[in-house]
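J.: Listed in order, the protein sequences are those of chains V and D. Count along the first sequence from 1, add 65, and you get the number used in the working numbering. Count along the second sequence from 1, add 65, and you get the number used in the working numbering.
Keep in mind that a hint or two might mislead.
Copies of one chain are not kept apart here, so a pair can be met inside one copy or by any two copies together.
Claimed, not checked - In silico EDC-like pairs for lysine to aspartate or glutamate, Cα to Cα no more than 16 Å straight-line:
id	residue 1	residue 2
1	Lys-367	Asp-138
2	Lys-374	Asp-87
3	Lys-164	Asp-71
4	Lys-367	Asp-403
5	Lys-343	Asp-403
6	Lys-236	Asp-259
7	Lys-367	Glu-252
8	Lys-86	Asp-121
9	Lys-362	Glu-83
10	Lys-374	Glu-407
11	Lys-374	Asp-237
12	Lys-292	Glu-77
13	Lys-236	Asp-71
14	Lys-164	Asp-177
15	Lys-367	Asp-389
16	Lys-75	Asp-193
17	Lys-226	Glu-201
18	Lys-319	Glu-229
19	Lys-343	Asp-363
20	Lys-325	Asp-262
21	Lys-86	Asp-129
22	Lys-404	Asp-375
23	Lys-86	Asp-399
24	Lys-226	Glu-400
Please keep in mind that the hints were generated in silico from the structure rather than gathered at the bench.
Number of protein chains: 2
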Amino acid sequence: MAAWSDNIRKVEPYVPGEQPKDTDVIKLNTNENPYGPSQRVKNAIVDIDTLRLYPDPTASALVDVLAEYHGVDPSQVFVGVGSDDVLAMSFLTFFNSDKPILFPDITYSFYDVWAELFSIPYERPALDENFRLVKENYYRENGGIVFPNPNAPTGIYEDIKNVEDIVSHNKDSIVIVDEAYIDFGGESALGLIDKYDNLVVVRTFSKSRSMAGLRIGYAISNPVLIKALNDVKYSYNSYTMNRPSLIMGTESVKDDEYFKETVSKVVATRERFVEAIKPLDFTCLPSSANFVFATHKDIPAKEIFQAAKDAHIYVRYFDKPRIDNYLRISIGTDEEMDKFTEFLTNYIQER
Amino acid sequence: MAAWSDNIRKVEPYVPGEQPKDTDVIKLNTNENPYGPSQRVKNAIVDIDTLRLYPDPTASALVDVLAEYHGVDPSQVFVGVGSDDVLAMSFLTFFNSDKPILFPDITYSFYDVWAELFSIPYERPALDENFRLVKENYYRENGGIVFPNPNAPTGIYEDIKNVEDIVSHNKDSIVIVDEAYIDFGGESALGLIDKYDNLVVVRTFSKSRSMAGLRIGYAISNPVLIKALNDVKYSYNSYTMNRPSLIMGTESVKDDEYFKETVSKVVATRERFVEAIKPLDFTCLPSSANFVFATHKDIPAKEIFQAAKDAHIYVRYFDKPRIDNYLRISIGTDEEMDKFTEFLTNYIQER
């Protein structure tokens, strides 16, 4: 091998869920919203001629509308290319200690990938036997903390009191609460932003806002931490948010009625689906997200995963310790979930 | 200060050119194309309902069309959110040596920002007194090499033979040739890709393709280096290119006639403008880009910059050693350049 090969960064990349090009499938594998974006987004006009010009590097239209929506100052909002970009940028900005950062053993599978990418030491305290966070595990010296609430891929929401306990016990560290799924259940940590100067809350447009295809995520914190994030962002890429994202993202936030309506529909379908597969001997962890994490009494999850895929129904399977007998099933429309329930019923009967 | 402040990455961010919100200005400060994107881009249909779905993480439609356009295999193409994203990702991927990377003292001002961000040691061999690259300065041990051709902000193109000499003298390092402006003049290093396994060529849609507002850049190299780049990209953000970028970017590449026509117009206007300001005692460095780097016999560049801005004409001024008496003037339409020439004529007379 050439000498330069020694200088190439070696990584074990994150493997995203499959994005089948075949559109004739029921796609319940990457937690997308079954409903499209708001009519306001459809009515938004992207003037193609202006695409010759750079977008606003401060993304101020989007930042302002998000600040207003959440009742914070624009200096408290950072936007990026999906919450993955926001989280990666946060790791790069905030986690520069020799001490290990902490996140759960079972959680979003990108955290350890970012830690490896940026050579950040990390430890992964185990969730308890019910997949609950043990807050006391985070009461020790660390270089930072990150966890999702609700957690992924379990869907379990931790009470905001526990979140606050972790934040308040770690005043020397930055604590990132990844709220990708909070709109589907639970209380946000946003109410704690004014009280703690070490808290960063991260959100995404990809789930509750039906805009995974546009790539928009954001962080809310105090102006000091948001400035630190922006400084790093401007040291990486001045113009991350393209014009269509800025225009359509802004319109989306303005339609709160549609947003709440679709979120309610997804939540209602989730509860309906959980009840529907119970008689088939499935158990779901209590979900506050737009997916359920389900296990069957007898049939290995991997087998169901493969059989569903053969029937053109995509769900997510993680071949990882402790969760390798679970399926993560995104919540689609009632009709899609009925079809999946029907498939499961037949599959179990014929097996 | 709280203890966490020690762990925050401190950076001196890149400062992009101003993006005035006032549209009633002549904007010649960030090297955008005065002509809008192709009619094919205008005709492209972005189905808003599909925005609920993640984009193709491999960006294969765009990768395939670029591969075909450049006569390479799709495994040789990497795409990102503007060439800044592609370059930043390349620094992170390829420049992991303890030896310093090398780039010119006068060049794109993001290179040292990325080196600082990722803690990469670097040295900056000086351009000669005519702002030409001294290739022999790059014939020494290093951790990688990066330079633009044509260079920015000078606009000077180095003969492809010199580029090849640098690549061939550095078989143990990755050499990145940043060809943001190559469509406006000079021979691309793409012809050397098959010959050298240490060469990466970076391109952008922001200048010649009239699409700064969409944020698309790409790299072409051999499949080994492109895979290394993709591995790091997938470790950072699986879905960087949003659906509008994929759809409209692909359409743009398909309209080669319009592309060549607009590039020719910009080049013709550039030559016309250089001649027009000569009688006003301006000297321009020989430009192969969509901008000129101009200095006046008597009047300090900073004064002209400010006077032009007061007259709602934006050009770029760099308060940096060796170039602080130059203006970087993007090439607009003939009409815009005539207005700027008229302004300069009056300004010099009345001064």
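J.: Take the hints in turn and mark each one as holding or not.
T.: To see whether the hints hold, each was checked on the structure:
For the identical chains of this complex, Lys-367 and Asp-138 are neighbours neither inside a copy (47 Å) nor across copies (35 Å), given an alpha-carbon limit of 16 Å. Taking the shortest Cα distances, Lys-374 and Asp-87 sit within 16 Å of each other inside one copy (12 Å), while across copies they are farther apart (53 Å). Taking CA atoms no more than 16 Å apart as the test, Lys-164 paired with Asp-71 passes between copies only; the shortest distance there is 12 Å, against 27 Å inside one copy. Taking the closest pair of Cα atoms, Lys-367 and Asp-403 never come within 16 Å of each other, the shortest separation being 21 Å inside a single copy and 69 Å across copies.
In this assembly of identical chains, the alpha carbons of Lys-343 and Asp-403 lie at most 16 Å apart only when taken from the same copy (13 Å versus 75 Å across copies). When the C-alpha separation of Lys-236 and Asp-259 is checked against a cutoff of 16 Å, the pair qualifies only within one copy, where the shortest distance is 14 Å, while the shortest distance between copies is 54 Å. When the C-alpha separation of Lys-367 and Glu-252 is checked against a cutoff of 16 Å, the pair qualifies neither within a copy, at 33 Å, nor between copies, at 54 Å. Taking the closest pair of Cα atoms, Lys-86 and Asp-121 come within 16 Å of each other only across two copies (8 Å); inside a single copy the shortest separation is 33 Å, beyond that limit.
Proximity of Lys-362 and Glu-83 under a CA criterion of 16 Å is satisfied in neither setting, with 26 Å inside one chain copy and 62 Å between copies. Taking the closest pair of Cα atoms, Lys-374 and Glu-407 come within 16 Å of each other only inside a single copy of the chain (14 Å); across copies the shortest separation is 68 Å, beyond that limit. Proximity of Lys-374 to Asp-237 under the C-alpha cut-off of 16 Å is found in neither arrangement, the shortest distances being 47 Å within a copy and 46 Å between copies. Taking the shortest Cα distances, Lys-292 and Glu-77 sit within 16 Å of each other only across copies (12 Å), while inside one copy they are farther apart (31 Å).
Within a single copy, Lys-236 and Asp-71 get their C-alpha atoms only as close as 39 Å, which misses the 16 Å cut-off; across copies the closest is 13 Å, which meets it. Taking the closest pair of Cα atoms, Lys-164 and Asp-177 come within 16 Å of each other only inside a single copy of the chain (15 Å); across copies the shortest separation is 28 Å, beyond that limit. For the identical chains of this complex, Lys-367 and Asp-389 are intra-copy neighbours only, at 8 Å inside a copy versus 65 Å across copies, given an alpha-carbon limit of 16 Å. Proximity of Lys-75 and Asp-193 under a CA criterion of 16 Å is satisfied in neither setting, with 33 Å inside one chain copy and 37 Å between copies.
Proximity of Lys-226 and Glu-201 under a CA criterion of 16 Å is satisfied intra-copy only: 13 Å inside one chain copy versus 64 Å between copies. Proximity of Lys-319 to Glu-229 under the C-alpha cut-off of 16 Å is found in neither arrangement, the shortest distances being 30 Å within a copy and 54 Å between copies. Taking the shortest alpha-carbon separations for Lys-343 and Asp-363, only the intra-copy value of 13 Å comes in at or below 16 Å, while the best inter-copy value is 84 Å. For the homomeric pair Lys-325 and Asp-262, neither the shortest alpha-carbon distance inside one copy (30 Å) nor that between copies (53 Å) is at most 16 Å.
Taking CA atoms no more than 16 Å apart as the test, Lys-86 paired with Asp-129 passes between copies only; the shortest distance there is 15 Å, against 36 Å inside one copy. Taking identical chains as interchangeable, the C-alpha atoms of Lys-404 and Asp-375 lie at most 16 Å apart only when both belong to the same chain, with a minimum of 14 Å there against 65 Å between chains. Taking identical chains as interchangeable, the C-alpha atoms of Lys-86 and Asp-399 are never at most 16 Å apart, the minima being 23 Å within one chain and 45 Å between chains. In this assembly of identical chains, the alpha carbons of Lys-226 and Glu-400 never lie at most 16 Å apart, being 37 Å within a copy and 64 Å across copies at closest.
The structure shown violates the earlier hints numbered 1, 4, 7, 9, 11, 16, 18, 20, 23 and 24.
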